[in-house]
Amino acid sequence: MPLRIGVIGTGFAGSTHARAAVRLPGAELRAIAAATIAEAEPLATELGVRVAPDVPSLCASEDVDLVVVASPTYLHAEHVIAAARAGKQVFCEKPIARTLDDARAMVRACEDAGVRLAIGHVVRFFPEYRRAKELLDAGTLGQAAVATLTRGTLSVGATRAWYLDAAKSGGVVLDLMLHDLDVLRWWFGEPARVYGKRVADRGGLEYALASVRYDDRPIVQLEASWAEHAGFRTTFELRGDRGMLVHDSRAVAPFVVQSPSGAAGAAVIPAPTLRETPYRRQLRDLVERLARGEPPLVDGREGLRSLGLGLAVIESADRNDVVPWTVPA
Amino acid sequence: MRRLRVGLASWAHVHAAGLARTLASLPQVEFTGSFDETGAAHDGPSHASLDALLGASEAIVIASTNAAHRRDTEAAARAGVHVLCEKPLATTIADALAMIDACRAAGVQLGVALPVRSSPAVIALKEAIDRGTLGRIRAVRGTNPGQYPGRWFGDPIEAGGGAAMDHTVHLADALRWLLDDEFVRVHAELGSFLYGLPVEDCGLLTLDLSGGAFASIDCGWSRPATFPTWGGVTMHVVGERGTVDIDVFRQSLTHYDDAAGVTRLIGWGDDLNALMVGGFVDAILAGRPVPISGEDGLRSLEVVVAAYRSAELGRPVSISEVA
Chain A
8 MPLRIGVIGT
18 GFAGSTHARA
28 AVRLPGAELR
38 AIAAATIAEA
48 EPLATELGVR
58 VAPDVPSLCA
68 SEDVDLVVVA
78 SPTYLHAEHV
88 IAAARAGKQV
98 FCEKPIARTL
108 DDARAMVRAC
118 EDAGVRLAIG
128 HVVRFFPEYR
138 RAKELLDAGT
148 LGQAAVATLT
158 RGTLSVGATR
168 AWYLDAAKSG
178 GVVLDLMLHD
188 LDVLRWWFGE
198 PARVYGKRVA
208 DRGGLEYALA
218 SVRYDDRPIV
228 QLEASWAEHA
238 GFRTTFELRG
248 DRGMLVHDSR
258 AVAPFVVQSP
268 SGAAGAAVIP
278 APTLRETPYR
288 RQLRDLVERL
298 ARGEPPLVDG
308 REGLRSLGLG
318 LAVIESADRN
328 DVVPWTVPA
Chain B
585 MRRLRVGLAS
595 WAHVHAAGLA
605 RTLASLPQVE
615 FTGSFDETGA
625 AHDGPSHASL
635 DALLGASEAI
645 VIASTNAAHR
655 RDTEAAARAG
665 VHVLCEKPLA
675 TTIADALAMI
685 DACRAAGVQL
695 GVALPVRSSP
705 AVIALKEAID
715 RGTLGRIRAV
725 RGTNPGQYPG
735 RWFGDPIEAG
745 GGAAMDHTVH
755 LADALRWLLD
765 DEFVRVHAEL
775 GSFLYGLPVE
785 DCGLLTLDLS
795 GGAFASIDCG
805 WSRPATFPTW
815 GGVTMHVVGE
825 RGTVDIDVFR
835 QSLTHYDDAA
845 GVTRLIGWGD
855 DLNALMVGGF
865 VDAILAGRPV
875 PISGEDGLRS
885 LEVVVAAYRS
895 AELGRPVSIS
905 EVA
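In order, the protein sequences belong to chains A and B.
Each residue of the first sequence is one higher than the one before, counting from 8 in our numbering.
Each residue of the second sequence is one higher than the one before, counting from 585 in our numbering.
Derived by calculation from the structure, the hints in this document are not laboratory data.
Fair warning: this is a prediction, and the values are worked out from it, not measured in the lab.
Just so you know, even glycine gets a beta-carbon here, dropped at the ideal spot from N, CA and C.
Treat the hints with care, as some may be off.
Claimed, not checked - Which residues of chain A face chain B? A partial, calculated answer using Cβ under 8 Å:
(1) Ala152
(2) Val206
(3) Arg209
(4) Leu212
(5) Gly250
(6) Val329
So here's chain B without its partners, still in its complex pose:
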């Protein structure tokens, strides 16, 4: 079996360690190691520069800060290396468009790391919707709340925003895919209430889709430090012939740990990162389009940009006003 040579660019993102483990474990991947701009050492080969990593790789997973995605993607495109970029694709629509153009011009593929579409529960929902089992879908109440990730995630420059920038795109992307539709209008209420950050840590988006359905996304870093897990992804889906509740990370054991003095949930469901990265790699190896493209990443970023505009103006904002 041919394996794809894949490296990890940057350890800035909280997902980096999990992505490195995933790359090291996937049978269809030859992990080429990583580049860490801080110089820290990690498992697997460490490269002294991004160019060195790119020279050893056919594809890279980019886990740098949100604001650095464009720089790293353009470097990969110049080197003829495919890109799987952490979400959100970029912090501005201009950056996202430049990344899409650079990859297209270089003949490499650009994918976005959005694991929710890989969830078996979400895939089952997609199949039920496509079969018509639920009738026409009229509304979805989605939640993707989490604990505050720390690091640079509360930095308006490096992250490009706060909780809305961090969490909105997972469900925005999943909803576009599930409903086979596009968002047309966004309303948002945002606030910085919990951690004294210069960016929002609480947010509620209300969205219209072109086909008439509406949806909401709770994107807050509203999970307390004592919450038994990092957060979660849920959808309450209202169709004309049925209602569905999805809880992507529900499959877990509850661990009452006296030694650590905490209660934690230990997930035992499928490894969504492995499914997501595996799907990207399989597409590159087969010469097919990657499952979640740069254009997909741009569409969900537009929702985030419109949300910030809505919160600023105090009214719903059309996607066409920001795209």
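Just chain A, with the same shape it has in the complex:
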């Protein structure tokens, strides 16, 4: 029997996951819920599934096995815990939560209910980051010495105001830098300390740098920006003692369109032109693991640790001091 999926949220993440779930082998998209029925209707109509009138009724649906939580960050805990208590498997968009306390409650609720909790650290499914991981693990680059990872986009706040409220979203550090902090933990393991800097003008400019140090090596710099006005861009440079890898998302588009009216849709995050998007790979991987009875690639505890590292960067920036990294329990 296919895994039946319900999605909460119809923003960028919710609509991306819902579209990825359509025609996914071994899965079926069944229902979509949002803050209001009106917000859920266009996507549900497009994908030919029913609207759940609210989150509790989606969680209570007999015909849903996996709940995808893609609501605003500050609502993740409420929605994940509701789904877990209804006995559903749960996929939650990153960051797992706005606070470690919320994240712990979510992990506990899923463990108590005996359901899986997966966190959407989708960069682990981007092939350029996976290839880098393979080359690192194979020793091709030698021992990693320095790395720089950047991630920028134009401000998302105008369309989704909750992003601009740091108390609800965590700002650019938890929105963008969290991806690369998770990549670091995946590539190199747990760092020793962080030193962060940020511009966090309420409703305005958001930009952050972090200097992340491992015991001995590597030294890593991260940049996260909501001031990349030309549109979404990721880069990384990874220098080991046997060579260096360089990636720039602006330099790898195999398909470029120009139109007389000018470039369109700069606010949309472009996926690489691939047969299967990283978002769909992520969901397919989870569906396959659940079918085999295996834990997700990035589980709730893993998401909690990456959140903790993001919060350490924010704490460092706010205190103007180095913050030692201890893995949160």
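Keeping the supplied structure of chain A fixed, place chain B upon it in accordance with the hints.
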């Protein structure tokens, strides 16, 4: 047109050959030749001693090891000869202060060889900032990574440090000038990971300026031997009304050279050394202050000294703790 008689003191620095070519080619310079303490012969007149070179010159460009800058500058000051000193100005703040004092007392000018301010891209950025086009500048991510220069650059005595001593000052100086501000706090992570050196070959500095902006400088010798060029200088500048990317040496041809079995970038942008030395010479000829002074060199050296202290203590260090 009056030409200034300028010589080259020492060939120790990797920039020496380029500086000699520049001096020989500038129309406002009469190249008086060079002094090489190793006795090696070079194009242009060779002098048997530094004093002989100083006797023939109104100004010298010092390209000795970092630790020898003070000795050579003090000799020039005694001879009444102006100085354009390779960067960093010195390896210690005490040496830098002594050089500034010696030149002031002798009535000669002391300049520092920092070519980044001469880049047309950087000048365009300066003009945009000064016009207010970008709004207030809040953050700059700067990189100045290069290949390992070899020679004495990994010698803690002659160089006074490693990659942080070698590369930090270019962007530190450019940022002070661009933002018209001073650094107040420095954090650094340093490591010797690539070449088995007794000094750091990788480094990342995070800096606060007094006006509230912050910046970072990647100063590492992290470019592999197979990298198609020596390194580069970039800045990602975040203003309240705009974001700017600067890549000082971006103007280049890519040369796939089958005969040599390598790929190289061949720069075709303006010759920044010629612009930098020319600016120094023009100021001396006109009796104006040189564009980048000994005090400027001291300010960027303070950032380096604070970076070493920060890496040692594992915490950010205020400039006032080292100055």
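Outcome of the hint check:
no., hint, in the structure
1, Ala152, "holds, 4 Å"
2, Val206, "holds, 5 Å"
3, Arg209, "violated, 13 Å"
4, Leu212, "holds, 6 Å"
5, Gly250, "holds, 6 Å"
6, Val329, "holds, 6 Å"
Figure legend: structure checked against the earlier numbered hints; the only hint not met is number 3.
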